[in-house]
Structure formats: structure tokens, C-alpha cells
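K.L.:
Below are the chains, spelled out letter by letter.
6 protein chains.
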Amino acid sequence: MLSQSELSSIVKGDPVDHFLLIKKCELRLTKSSKEFLSLELGDKSASYASSLWDDIPGFKSIKNSLAVGDIVRIAGSMDEYQGNPQIKIESIRLSKQSDDVSPKDFLPKSLRDLNLMKKEFTDRMERVNNIELKTLMGNIFSDERFEKYTLVPAGKMWHHGYISGLIEHTLEIIGICDLMCDIHPEINRDLLVCGAMLHDFGKIEELSYEPVFEYTEKGKLLGHIVISAMIVNEEINRISDFPENLKNNLLHLILSHQGKLEYASPVVPKTLEAITLYQADELSAKVNAYKNVIDNEIKPGSNWTRFISLAGTDIHSHGIKNSVDIKNNKTLFD
Amino acid sequence: MLSQSELSSIVKGDPVDHFLLIKKCELRLTKSSKEFLSLELGDKSASYASSLWDDIPGFKSIKNSLAVGDIVRIAGSMDEYQGNPQIKIESIRLSKQSDDVSPKDFLPKSLRDLNLMKKEFTDRMERVNNIELKTLMGNIFSDERFEKYTLVPAGKMWHHGYISGLIEHTLEIIGICDLMCDIHPEINRDLLVCGAMLHDFGKIEELSYEPVFEYTEKGKLLGHIVISAMIVNEEINRISDFPENLKNNLLHLILSHQGKLEYASPVVPKTLEAITLYQADELSAKVNAYKNVIDNEIKPGSNWTRFISLAGTDIHSHGIKNSVDIKNNKTLFD
Amino acid sequence: MLSQSELSSIVKGDPVDHFLLIKKCELRLTKSSKEFLSLELGDKSASYASSLWDDIPGFKSIKNSLAVGDIVRIAGSMDEYQGNPQIKIESIRLSKQSDDVSPKDFLPKSLRDLNLMKKEFTDRMERVNNIELKTLMGNIFSDERFEKYTLVPAGKMWHHGYISGLIEHTLEIIGICDLMCDIHPEINRDLLVCGAMLHDFGKIEELSYEPVFEYTEKGKLLGHIVISAMIVNEEINRISDFPENLKNNLLHLILSHQGKLEYASPVVPKTLEAITLYQADELSAKVNAYKNVIDNEIKPGSNWTRFISLAGTDIHSHGIKNSVDIKNNKTLFD
Amino acid sequence: MLSQSELSSIVKGDPVDHFLLIKKCELRLTKSSKEFLSLELGDKSASYASSLWDDIPGFKSIKNSLAVGDIVRIAGSMDEYQGNPQIKIESIRLSKQSDDVSPKDFLPKSLRDLNLMKKEFTDRMERVNNIELKTLMGNIFSDERFEKYTLVPAGKMWHHGYISGLIEHTLEIIGICDLMCDIHPEINRDLLVCGAMLHDFGKIEELSYEPVFEYTEKGKLLGHIVISAMIVNEEINRISDFPENLKNNLLHLILSHQGKLEYASPVVPKTLEAITLYQADELSAKVNAYKNVIDNEIKPGSNWTRFISLAGTDIHSHGIKNSVDIKNNKTLFD
Amino acid sequence: MLSQSELSSIVKGDPVDHFLLIKKCELRLTKSSKEFLSLELGDKSASYASSLWDDIPGFKSIKNSLAVGDIVRIAGSMDEYQGNPQIKIESIRLSKQSDDVSPKDFLPKSLRDLNLMKKEFTDRMERVNNIELKTLMGNIFSDERFEKYTLVPAGKMWHHGYISGLIEHTLEIIGICDLMCDIHPEINRDLLVCGAMLHDFGKIEELSYEPVFEYTEKGKLLGHIVISAMIVNEEINRISDFPENLKNNLLHLILSHQGKLEYASPVVPKTLEAITLYQADELSAKVNAYKNVIDNEIKPGSNWTRFISLAGTDIHSHGIKNSVDIKNNKTLFD
Amino acid sequence: MLSQSELSSIVKGDPVDHFLLIKKCELRLTKSSKEFLSLELGDKSASYASSLWDDIPGFKSIKNSLAVGDIVRIAGSMDEYQGNPQIKIESIRLSKQSDDVSPKDFLPKSLRDLNLMKKEFTDRMERVNNIELKTLMGNIFSDERFEKYTLVPAGKMWHHGYISGLIEHTLEIIGICDLMCDIHPEINRDLLVCGAMLHDFGKIEELSYEPVFEYTEKGKLLGHIVISAMIVNEEINRISDFPENLKNNLLHLILSHQGKLEYASPVVPKTLEAITLYQADELSAKVNAYKNVIDNEIKPGSNWTRFISLAGTDIHSHGIKNSVDIKNNKTLFD
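Chains as they are written, first to last, in our numbering: chain A, 1 to 334; chain B, 1 to 334; chain C, 1 to 334; chain D, 1 to 334; chain E, 1 to 334; chain F, 1 to 334.
Worth flagging that the hints you see were computed from the coordinates, not collected in a lab.
Don't take every hint at face value.
If chains are identical, the list can't say which one is meant, so a pair holds when it fits in one copy or spans any two.
Calculated pairs, PhoX-like style, for lysine-lysine (alpha carbon to alpha carbon, straight line, at most 20 Å) [stated by the list, open to error]:
| no. | residue 1 | residue 2 |
| --- | --- | --- |
| 1 | K23 | K299 |
| 2 | K34 | K12 |
| 3 | K218 | K260 |
| 4 | K321 | K134 |
| 5 | K34 | K88 |
| 6 | K247 | K220 |
| 7 | K118 | K148 |
| 8 | K118 | K260 |
| 9 | K109 | K148 |
| 10 | K12 | K104 |
| 11 | K148 | K104 |
| 12 | K12 | K63 |
| 13 | K156 | K23 |
| 14 | K247 | K218 |
| 15 | K88 | K218 |
| 16 | K321 | K218 |
| 17 | K44 | K156 |
Go ahead and model the full structure; you've got the sequences and the hints to work with.
P.N.:
Take a look at the structure:
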């Protein structure tokens, strides 16, 4: 297990003595035609550029073998080049078995406790009443798939773009959906909650996240919406007498959950559950995205981010403190 | 107080003996040049066309005085013309003081109990901790304004388009916002909840709802967003030392709550609270709208509505029943 | 087999003595409260309104049993009401077994010979070289499915909206695709042609066409693109060792063939075959659509159609005759 | 005539001994205030940056005279700077008459044989039956104009952006149009084919391609569509009794061939020929564009291009080989 | 010359004794199969429906000969049907030579004095300094063309849609352009003013206005922008040594004057004069359009029009009176 | 008062001995880890990059204190780096009281005489006839606010982006509006002119311009449209008996003046005055923007700017000279 200070906390001049993940790696020539490696090195808190010069011990042996996804131990210091932080390398070595480090240790990760999230998810699954849906959920979230499902990020960037981001995001949506069912008894709660659990399920095949987050070939050619629908279709076909109406409505929830054709949903929401799921997804995603942007894109001394094109605006952190909160965390409907 | 069967429950051939509201009224000529009144008559459940012929007793005295908003007592029967229901009038008289009926009795109304909603709203207002915001809320929701606020619909059509629709809608949003604050402690709860309470406040001047729902001249020229902002601005100016930062952020919540310039917000959401309010508003509005459309636009024997242009689709009622619900109305985060 | 003059050739005053399909059927009341049936009657050439009055022999026995999809024998004459043609019924009876007529006889139909089209399709399937694809095609186009496939229209309206429209349309696309492969050897011909054959295959479940063209519930909730992809996915899974790369690329062709997200494709074309298929589909569809509109929407004495909203314009028939054609029907590349 | 290895085949470290075209040329200062020329040098296969330092023999005489469009003979080697290839110059001289090289030798060029393409074009022109159109074609494609027409590229980039690109593109469109005429006898073949021949004709005045591809002032102010229409209008006016109807329809084909107002067509397609030409143009252009992007933008070791904004996606080369092709290059309709 | 009260001033019950223009004319059958003519009759102030029954004297002789564009003398009275005014005909006869009426008398017409507008236009033409442009203007505005130019409307509807609407509109634009030249001496005044004079010139071939406003076949296939450009191009070619630069810039003004590709300009404004002309055209057109809509679409008792889709809103007449105006009403041309 | 040559007139090699404004200032490290200040220095004519090295006298004392908005006296020369001009600093000192220079001297400024513009504005204000509007104008344009109003730019870039840009822009609009009132007596002149004066008034709080142009926090959260409306609302509330109708119409002019929702107006123009103001604003803004772009973005030897994204095109300076202008240059205000 990795235990070292976070890279983002190291400032110019500080020593660096860290295991770091290779995120980019390219062999180049200087103007005077000497070889060097242009690297990007990072842990889950930050990633910085670095150059590995040919006078570093072991350069020859390492220059052709080093690859994206390798973990290296770096000694050196934090430097700066043209206003951007950069790591000055004094020595480098590849990690060994005995170092007990793994690429996963270097990826950004949900701040919520994973076991707690797993328990919340399986508990909620238990509370599904409809027999066919409960059976289906059990089959789909088999051990192996559930493992992947609880690790995959919800995306490469924008919202919940970190390990276990998808389950964190899904739990938020379920919470919102349950609240909407409390308000509107016309909504079919089981159908909606199962749709929420499955809506982004295809991301386990659309995204790879080790050693770095990347779209798979299948993901780029088919997209996670259709992958989800094809898996759910297969699993439903294995259950005898699964009602046709229920099948079509569950698949409709998955297919329509991005809400608009131009957001890549092949059908728009046509049922009460479908519109609820789409809007709950939007609410969870946008709030998380704004929160991340505020965390990551505000420079010291400012309270505005740069222009964020996905939001169509720069985003503001007003800094107005929350008043002491006298037991507010019950919802209005308790 | 009005007590009679709902108009929507009367079928062809049934007698009609009802107080009804005049919703349209026009004096016309038949082909043979006889005068008649072309009327639309309704209660809160339905509105139907009717013709008042010149051989009805009292036609002469009534033909020039009858006006939109009047209440009349009709005796006659339910008929049909070219496939549409129509009321056949045998006698008509204007309502009198002693009938104890008022136009409000004939408008569609929230199904939730108004006193309970008022209590939920004022209770939640009590739980605002920030002193300046609490003072401001108290001043704005003075008795007279609060009265109007609790009656106004959220719109003419689409979502929450009935008496007390705005407060019902606002309470839903507050519930969603409180849930999001439970998940994300970074959100300023007081600011967000006050923004939610005020976001559509200007509708009390934008819409008139007696005797029928209509946009006011001011509403059409300025819009409820700017009306809200101008009132809040005035009220804040009356409070000495109201923090400038808090003022700008509260106004920003109101101005940006429709989320996009093309939806008539003059600024887009630039803060965490603003994006939360916009998405919570969307969630509440869209779910309510779909529910209403399913209630009102599905004909017997079908389970699809006509094409609904605001939704960009026809909408489906799948009819899959909710399973027996074993105590699910706690949210995931209790 | 039906043999009678086409309804579209009957003019005002002519007698009508025809088997006709009931396309709409509604029981209504006249102003004087007498019952009548409001009908739409048609054959494959035209459809007209008609009223069945209560003084027609047999009215009582027929009024509650007549339904959409029934075939009736009508005697009467061609009439007109408010400028629109209308059938005046003098007698009516339901068709009998011995009449040897079926709803299919009354639906618009491709003008091309169906057996010839079937042969062209299966011949072309034979010419697929890739073993896995050839196996897959054979499995998918099983006898039963092929039967449906050769009857289904390509849509309810706009282009190829008639019986056997889909196979006619698909053959055009295959012709265009083969030409593009002749020009560009970089295109994988087998992949492209199989993609063309399968691209709209899901329409056999999206559309019903007996007795009238209609979208199915499944069709409206899932759409033919995803239905196609799910069937092809299932069939591929039945073939052992079907190459993953080939599978993803074939599914990509189906998913991306409408070319743009806003046209309901969940992914845009990302390969050479995908862009070719999309553009070939567009070419075939648009030319057919313009041809149909010119055929159906130009009134005598004019050479312009009304404004056609799917085309965004009114459409013109210039009437410039083709010169005598001296053996031009070889393409440039023969 | 130029005979030397293609620049794109030279790798880092290889000697360079080539005639190359100057594509950009700028006099600059180093940090230490020494002058150097910043150049872009290329042949038809590739273009690379290069710096001409002041210690190269002849620098003084050359530094103020060298200009875009000049051909120089370079001796040196292939180098690299910051990951990009760059030519290291050891000596340079301007080309001489006796070198027998011309700028045209350095521009990208259609891979099809030009004489064959000319023959195909004139043969097809011969097969036009309509007398007026045949006369018009003969007049427009006079020797001088035809010469230009057969050299001009179809654009600066995206599709057919190389010498003789326009005629190659036009021949493809004619092939597609003839196929569509075979399928649909309602299309006026002569009108459509002449429209295809003329649709981009104005590019001979919109684009200059010697020594480099560039838009002309006239091209930028008027656009090739209107230039085409004005030339065709002038030429038609020279033919007495050219039918007005035919004139308007031919001009309409030219004006509407980009299919949508937002693509710079001042009218949308309103005839069967116009919609066919637009869709055939799209098919030819898009397939060529994807092919070029795959050729030029896929880096070794990858099978995806960068994000191509004109396509709205990154593009994939799947690498699935064509099966042995058993005589498929007849179209379905032979 | 026509001298009678305006049709719009006749109210229900008043006698009608007017020459009126036939705007629509269709032979129909009543339910009882009697023939009648369904007409639209109007003068320049209004148009109303009317039915000509078979018991009107002369019905037989007139029923097959009456045509759109004919002028008839009607005696009868103003009536109403289903809330809309309608003319009840008692007798009808075709107009005769001696009646001295012409279709032009029945078309809406500019309220400004035509001779004054002609004088303003030719005076302004005189003030063009540039020799080539002055010659060109003289040639283009030959007597015959100028006659047409001064009669043609600027459109069928929306703005300046009446006889002499184009010259009225053009004079407004010239006034605005001259003001902008006063402010910005960088603008080439002659170029801009000539561009303004010519910008919609092609409408003399795009629109026909006798006996009713209609688009011509040429107008629909080519559009007035390209027609203008082709005429100006021809006329410039007749002037020897007309500067190429000036030609391209003048044509650019015509081609770009609708400002955006989606408004049918094939190029967008790229020069100072082009942007000025586009914005001046918009200003003149939009203000005139709003004025007309307010005049024609506000019903008594209201101060709002219906929803006007070209404006995207309903339009308001506030009725706030102008204060006494102390001598501001000199135009720029005084 | 500053008196020195304009920075834009200094060419490479010339000495620099100027007071200049610090527009950007950042402390950085060289590759060899030496500190330097990366600066942007400018006057109102131009801004250039510069590096302040650690061997310049006083570097130590200045490096941490220098800030954006400071004025410094620079001695050095004009240099160039990678093709861009750059100032080589030999000595630097902060400006002193006795230098009598202020940041305002270094900002771009309207070329029109400010006192003349003030007089034009107040004279026009005097000519308002409506009593309530005249009172309101007097109150709003109090001395202090008027001072700010006459200095603020109309924007950060694009049009009138310089000191006193707003008043220059407003006067142009007033001129155009008065002309439109001359043409259309239906327009309420007082209302329109007051709307023009106030339309961008909120920019005095939205923009700060000393020492550099910047949006304020309030400006970013509320926008100048709503700020304008809130101020005008407050001032109207101070005037007793200000007519409600007039108030709503004046506020409507401000709110709708950007013409479309997507341009951030919360309502679209619904009155004759509103559409006039919007189009007059567009005309003034676009012409000024094109003029500025032509002034600033055309490099020597070219007559085209780069692609200007706000215009959606590159812009052309044709260079065709104005003919001698015979007395057209009186403005409307003469």
C-alpha cells in the first residue's frame, strides 16, 4: 500500500521522493540532437511534466523500455518551467514487486468509502419488490461484474471522473429517484430504481481505467448506452416469462436516459420513469461537475475558474460560509 | 361553497344542473341571421362548448350582459357535436350572492392540502439560519404577498398550471435542494433554499388567475424573472448592511434559474447553488408536466398521448403496477 | 385475388362497386341525435371519407361490429363535400371467405416485382466472400424473417412507405455501395454490403403493416436501430469465434447509419464503410421521397407541390422530357 | 521532369538532396538578434519546417529575395525538433531553367491518370442527347477553360484537395448520377449530368493553385456557386432560343447543389435532379474526405485519427482485410 | 379611376355596391349537389369570402368563365358567417372597358407619393460621384426597368408587402446608409448607396404583382439575390474598363445583404459597406414589419396582436401618445 | 498630462523612452532557475511583451512590488522575438506624483471630442418633451453618474471597446433612432430616445476600466441589462405618479434591447420602439466592430484580416477610395 505525501501538496523547491505513474512517455531529441524522454508523471492528486536527460544514471537501459502505466520511484525536486510546475529528476528506478504499489493507487478515487457504497447499493437492490426485476438485478450484478461496476469512473472528465465514480453517481441518482417516488406515487418505483442502477452499466465495457482512463474500441464504436441495452437484453432473454412490457420499459429507461437525441440517446424519454431518470441524472452530474471544476480550476487569489466550455461559462466560488447547521439533514418529506 | 358533481364525470345523455364559469363568450349570427351566444362553460375538471339560442327564456336580457368570468346556473343535458361533447342549454341564470359560489371554485387546483403546504413553507423558512436571509424572507413573504403566493399557479399550462401550483412546485424543489445539500456540504444551504423560495416569486405579478389564468401586461413586457429580481433588490435595499456578496449571489440564483439564455435567463448558472437550483427546478417541472399530460391526454382504449410539442414526443402510460411498497419512503441517506 | 378499377380513377358522379378497406371507423351522432358511422375507406390507390347513415339496410347489425381492418363491399357513387371527394354509400356488406380478398390487397405496394427483388437480394447475399458474415446473413435471413423483411415498408410516410418498400430501398443502397467499392478499393465490400442489408432490419419489429401501417409499442420505445443491433448481437453470439473486431464494426454500421445524433443514431459514422452507408442511405431515401411527393402532391394545373416540411420547401416538377436515350444504362465505370 | 524520392519517405538521420517548394518564408531574429529565415519546404507528399541560418553559404544574397512559390535545391539531412520532423539545411540554391522543375511538380495530385479522366469526361459529354445542353457544354468547356478545369483541386482541404481533384470528384458524381437515372427513369438524365459537370465549375476562378492552393479575392467575395451561375448564365445568353425552363432548371442545379442554405446554397433543392445532385455530391465528398483523413492522420501504432472537427469525430481504420474479390465489380443493375 | 368607399369600412348589415377583384375562385357542390362558386373578393383595404349561388341572375354564363384577376361589380350586403365577415351577393357583373378600373386599383399600395419617391431616388442617383457606378446605375435603371422597379412590392408579406414597397424600403435604407457615412468617413459612400439601390433589384423578376402578388417560377428556382447579381454582372460587362475590384465589391454587397447564410445569402458580409447595408436593411424591414402587424393584427378592445411567428412573439401597441413634437421632423433628405 | 510618441509608431531598433502601463505582471524562473518578471507594457495605441531580467538596476526592490495598473518609466529599445515585437528594458522606475501621469492616459479612448459628445447628449436630453421622462433622465444622469457614464467603454472588445465608447455608441444610436422617428411618426420619439440613452447604462457597474478594462463581480453575476433595469426601477419609484404603462414600456426597451433570448435579453422586442432600438444598436455596433477589426487586424501587405470569430468570417479592406464628396457630410444633429 502506498503511503506518501500527495503530489499536489509539493511546492517549488521541495524535494520529491515519490512513486509516480507514467501517464505519457515519448523519446525526443534536443536541438543539439541528444536524446531525452519527455514524461508526464502523476499520482491521484496531480500530474506534471518532466524531462529525463541522458546523464541520469540508467538512462540507456530505461529509455526504450519505459511505458505508459509503469510506476517509477523518482528522487529529485519540484521545479518550474515557463510558469508551470515541473519535476526535476535526479534518479529514477522502476517499481518492484516488493514496493507493493499498483497503478490503481495513482488514479483519482471517490472520496466516499467504497464498502459503504457497495452496502448501500446491495441493500437498495434488496428492497426491489418486483420479482422479475429483482432476479434480473441479481443476475446482472454477478460478483465479477459488480466488482468492475464498483470501480469504473462515470467518465474521463467532467463529472464523477474518478475510480468508483459510477457507483457514487448512481447512488445519488437513486436517492433523488426515491424522493421523487415519495412525492409522486404514480411513478413505478421498482422500474425507476432498476433503470437508475443499470443506466450507465455499459461503462464497464466502454471505459478502461487501468493504468489510465481510456475509451475502449468497443466503447467508441457502440457507446455505453447500446452496450447496456444489449447486456440487459441478453440477461432478460435468459429469464423465462419476463414480461414483454416490463422489458421494453426497462430498456427504454436505459436508451432514453441522456434525454435528447443530440446527447446520443436513440429515443427521447416517453414515460414518467424515463423523464425522472433523465432529470435526476442531469442534477447529479451537473452539481458534481461544478463542484469538481471549482475544486480544480480556481487559482489562488481568484474566485473564478477559467471559461469552462462544457458549462458555457466561467464558474464562481463565492466563499459565503454555511451557517451553523442545526439538524437540517432531514428532507422536507420525513 | 360549491358542491356538485364534476363536469368531467357527466356523459352524453346525462342531465346537467350545474353552476359553471363562462370562459369564452361571443355573440354570433346563424346562417339565417339569428343571433346566438357561442360559449365555453366549465368547472375545474373540464370545459365544453355550448350555444345559447334565442329561444331560451331570458336570452334578450342576457345576450349583451354576459361576460367572461361570470358564473351561471345551467339546466340542460350533455350532448355531442361532430364527435366533441357539448352542453345543451335549456335554461340559464346568473349566479346570485346567496348561491355562495366564486370564480375560484371553478379553477383547477392543487391536489395537496393548502394549509399543510403553507405550514411546510413557513416551517422551512423558520429553519433558515443566516440572519440577513431570514429577515429578508420575512419581509418579502408579508401576509398579503404570501396570500397571493400561495394561490398563484406556476404557469398557464405545461407544469403545475393550477391554483396553488407555485407553492406545490416550490416545496418539491426545496425537498430536492435539501437532499442535494445533504450529499454535498459545499453547497450553501441557506442561500440555495432562499433562492428556491424566491425563484418564481415574480409570478404573483406576471400571472393573473381570476377569473381565468392570464399573463398581465407587466408580465409580458418584463417577465417574472426580472420582476422577481426587482422586488428582491428593493427589499434588500431596505435592510441596512445586507452583504453585497450575498445580495449578488441571491439575485444570481433568481436570474439564472432557467438555466440557459434561450430559456430567458439573462445569465447562466455560475455557482454551485445556481446549477443545483436550475436542475432541481427542471426535475420538478418535467415530472409534473409528464404526469399532467398522461392524466389529461390519454384517450380511453389507448396508452399513448397525442404528440406533445413541449416534450418533443408522444408520451406513454405503460400501466405496470407498483409492487406492494414495503416502507420505502425513506431516502437512501437517512 | 382482387380485380377492380383503382379508387383514384373514379370521378364525381361515377358509380362505386368496390371492395374497400376500413381505415378509420367511428360511431357519431348527428345534430338531431341520430347515429351514423364516420368512415375512411380506401384501396391502395386512394382513401376517402364516407358516412354510413342509419337508413342503409343492415345499419343496426353493422354499426357496433365494423372495425378498422375489415374489408367491405360498397355499392354507391362518388360524391363531393366541401370540395373533397366522398363516397356515397347505398349498400354495404362485409367481405366473405369466398370473395378471396385480403387486407394486403388494399395497401400501397412497391412497383417493382417482388420475386425479382428477392432474387437480387439472395444472389447478392451469395456473393459475400467473408465466411463469418455469410454465415451470419444466412442465419438472420431465415425463411420466416426474410418473408417479413420482404414485405415491410421502409416507413409510414416520406420514403418507400409501401409494402416491400424496405427491400426495394435496401437494393438501391446495395447498388450504390457496390459502385463506391468499385471506385474505392479501400472500402471493405463485404462488411459494407452486409451492413446495408441489416441497417433497417429492425423495422420488421418496429412497424406493423397489417391491416394498416403503424408503429409497434416496442418500436416506439426502442427504435429500429437498437432493435436491429440487439438481434444482430444475439445472432453473432450464436456463432463461435466470430471476430470481435468484425462484430463491433458491423454493429457500428447499423448504429451510425442515420449519420447524426439528432437523427437518432447513438454514434456518428467513424469508419469508411459507415460514412458510405449513411450517405448511400440518404441518397436513396431523399430521391425516393422527392419522387413520391411529386407523384402525390401536385394538383392538376400546377407544377409545384404544397410546402413539404420534411424537405423544407415546395417541390417542382419541371416537365422537361428526357431525350431519347441511346443506351446509357451502363455506368461510367463499366 | 522531377524524379527524386518522396519527402514523406525520408526518416530522421537520412540525407536530403531534393528540389523543394517554398510554402512559407519569413525573416526573423534569434534571441541573440541574428537573422534567419523560417521556412516551410515541401513536395507533394509532405511539408516540413526548416530554418536557414546566417552561416549557410549564400545566406546574404538569398535572404531578401526568397519567396513563396520558389523552388530550391536543398542538401542536408532529416532532423527533428520537439517531436516534429524538420529539415537541417547544409546548402541551398534556387532552381534554374535547366533543372526543368516547376511548382506544379510539388503539389499533391490526383492518383488517377489525368488523360484517362479527360477522356471519360469528354466521352460522357458526347453522350448528352439534348441539343441545347450539348451545345452549351461544348461552349463552356472550351479548350482553355477545360485545361484549367482539369487541374483545379476541389478545395483547399477536406476532400479532393489536390491537383485534378475537381475532375476526379465530378466523374465520381456522374457515375453515381447515371446509376440513379438507371433506377429512376423519372430523372432527366441530360439535365442532371450537365448539372453535375457544371456544379463546381466556378472553382476555376475561386481557387488558385499555383504555386500554392489559395482562395482568390473574387472567390472570397462571390463564392464559386455564384461564379458558376454567372458564367453559365452568360454562355446560355449567347445561344439563341435556349429554352427558359431549361435555363432556370440548370441554374437551379448549380445554385442548390450544396443542399442547405447554411452550406451557402442560396436556394435549397426543389427538383428531383437537384436533390439527386446534392446527395451524390455529399456521397462522393464525404467518402473521399474520410479516406484522406485515414491516410494522413493515423499515426503508427494507432488506428484512430485525432478528432476531426469537420466530421465531428475521430475516425477509425479497422484494418479488416477485404476477402478475395470474385468479380464483384459489376453493379447490381447490370 | 376607381372611387368608392374602402371595403374595410363596411360593417355587417351595410349595403355593398363595389367593384371588387377576384382573388380566389373555385366551383363547388353543396351537400344537395347544387353548384356554387366559392370566391374571395377584395379591394386594397381588405378581402372577404363570398358564395355565388346558382339562383343569382347570370350564374350559368359566369360560372365557368370567372377567373382570378377579374374585376366584378357586386351589389349585395355585408354579412357574417361563423364569426367572419362575408359578402352576400345579390347581383354580379364583369367590369367593362367603360368602367375604367384596373387590377392595380385593388392592390395594397405604399402610402407615400410615388412621384415624390421617384424624384428622391433619381436625385440621389444624380449625387453618385464615381463615374463607373453612375454610368452603371443609369444603364440599369433604364426607363422600362425603373417603371417596374417603382411598382414592385418588397415581398408577399411581412414587410413593405404592397405596390411600390420596394422603392419605399430602398429609400429608407439609403437614408440610413447616408447617415452612417456621415458618422464613418471610412465607408465608401458611392459604393454603399449603389449597393443599397441594387440590393433587391432582382425582385422585379422574382415577384409578379398583377393581378395578385406571386413568386415567379424563375424567382422560386433562382431567388432575387442571384437574379440581381446576374443582371448587374451583365450590365457591368457592357461597360468597358469597369474596375474588377469595384465589380467584385458591388456584387459582394448584393450577395451578402441578407447577412447570414441561413437567410439565403451565399456569402456573409466581409466589408464595411456590406455590414452597413445588411444592418440598414434589417432596421428598415423590421420596423416596417412591426408597424404593419400592429396596423393589421390588433383586434378592437385589445392592444396585443396574435403570436407572430416571424417575430417570435405577440406584439404590443402601448398607445402612449407622442408629446407635441417641436420641429424634429426633417428627414435627412431635406 | 502625458506627451510622448505613441508606442505603435516605434519600430524595431528605435529607442524607447516612455511611461507605460503594466497590463500583466508575473514572476517566473528561467531554465537556469533565475528569476525574471514577465510583463505586458502598453499605452493606448499598443501593448507589447517584455522581460525584466535580474541584472537590471533595482530588480530586487521592484520584483515583488510591481503590480498590474502601475505606471513605469522605461528606457530601452524596440526589439523582436519569434516574429513579435518586444520591448528590451535597460532601466525602469515607478512613476512619481510629479510625473503627472495617470492610468487613464494609457487606455484607448474615443477619437471624438468628449466635451462635444457630452454637449450633444445633454442637448438631446433637453429636447425630450415628456415631463416624466425628462425628470427621470435628469435624476438618473446626476453629475456623478454622468461622469462615469461618459467614460465607460461599451465593452471589453469587439465594438466601442475604449474610454468613452459607450457615449459615442449611444449618440450614434440616438441619431439613427431620430431618423427612424422622422420616417415613422407612429414611433414614440421620447420613449425611444430615453430607452436609447439608458439601454446600456448598467455598464457603469458592470465594467471597471481603471487601470484596465474588466468585468466586475456584480457585472458577471447579474449582467448590465438587469443592473440597468434595477436602477431605472428604483429611480422611477422615487417619482410620484410615474405612469405604470410608461414604466413598463421603458423597462421593456432596456430588457429587450439585445433582441434575442440567446443574446441575453430576458424578453424579445414586443413594441415598435423596442424593435427600432434593437436594430439601431446592432447597426451601430456591427459597423464600429468591422471598422476596428479592419484598423487593427490587417497586416501590412495584405487586405484581409485573420478569421474573426465574432463575425464568422475574415474581413476585407478593399481600398477603393471615396470620390470627392460634395457636401453630404452634415449629421442629423447639425
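K.L.:
Against each hint, give a clear statement of whether it holds in the structure.
P.N.:
Results for each hint:
Within a single copy, K23 and K299 get their C-alpha atoms only as close as 24 Å, which misses the 20 Å cut-off; across copies the closest is 19 Å, which meets it. When the C-alpha separation of K34 and K12 is checked against a cutoff of 20 Å, the pair qualifies only between copies, where the shortest distance is 13 Å, while the shortest distance within a copy is 27 Å. Taking the shortest alpha-carbon separations for K218 and K260, only the inter-copy value of 19 Å comes in at or below 20 Å, while the best intra-copy value is 22 Å. For the identical chains of this complex, K321 and K134 are inter-copy neighbours only, at 15 Å across copies versus 44 Å inside a copy, given an alpha-carbon limit of 20 Å.
Taking CA atoms no more than 20 Å apart as the test, K34 paired with K88 passes in both settings, with 18 Å inside one copy and 15 Å between copies. Proximity of K247 and K220 under a CA criterion of 20 Å is satisfied inter-copy only: 13 Å between copies versus 26 Å inside one chain copy. In this homomeric assembly, K118 and K148 come within 20 Å of each other (Cα to Cα) only inside a single copy, at 12 Å, whereas the closest approach across copies is 47 Å. In this assembly of identical chains, the alpha carbons of K118 and K260 never lie at most 20 Å apart, being 31 Å within a copy and 36 Å across copies at closest.
Proximity of K109 to K148 under the C-alpha cut-off of 20 Å is restricted to the intra-copy arrangement: shortest distance 14 Å within a copy versus 49 Å between copies. For a Cα distance limit of 20 Å, the shortest separation of K12 from K104 qualifies neither inside one copy, at 27 Å, nor across copies, at 37 Å. Taking the shortest alpha-carbon separations for K148 and K104, only the intra-copy value of 13 Å comes in at or below 20 Å, while the best inter-copy value is 52 Å. When the C-alpha separation of K12 and K63 is checked against a cutoff of 20 Å, the pair qualifies only between copies, where the shortest distance is 18 Å, while the shortest distance within a copy is 27 Å.
Taking CA atoms no more than 20 Å apart as the test, K156 paired with K23 passes inside one copy only; the shortest distance there is 14 Å, against 37 Å between copies. Taking identical chains as interchangeable, the C-alpha atoms of K247 and K218 lie at most 20 Å apart only when they sit on different chains, with a minimum of 9 Å there against 24 Å within one chain. In the homo-oligomer, the alpha carbons of K88 and K218 never lie at most 20 Å apart, since the shortest distance is 39 Å inside one protomer and 43 Å across protomers. Proximity of K321 and K218 under a CA criterion of 20 Å is satisfied inter-copy only: 19 Å between copies versus 46 Å inside one chain copy.
For the homomeric pair K44 and K156, the shortest alpha-carbon distance inside one copy (14 Å) is at most 20 Å, but the shortest distance between copies (39 Å) is not.
Violated hints, listed in ascending order, are 8, 10, 15; each of the other numbered hints is respected by the structure.
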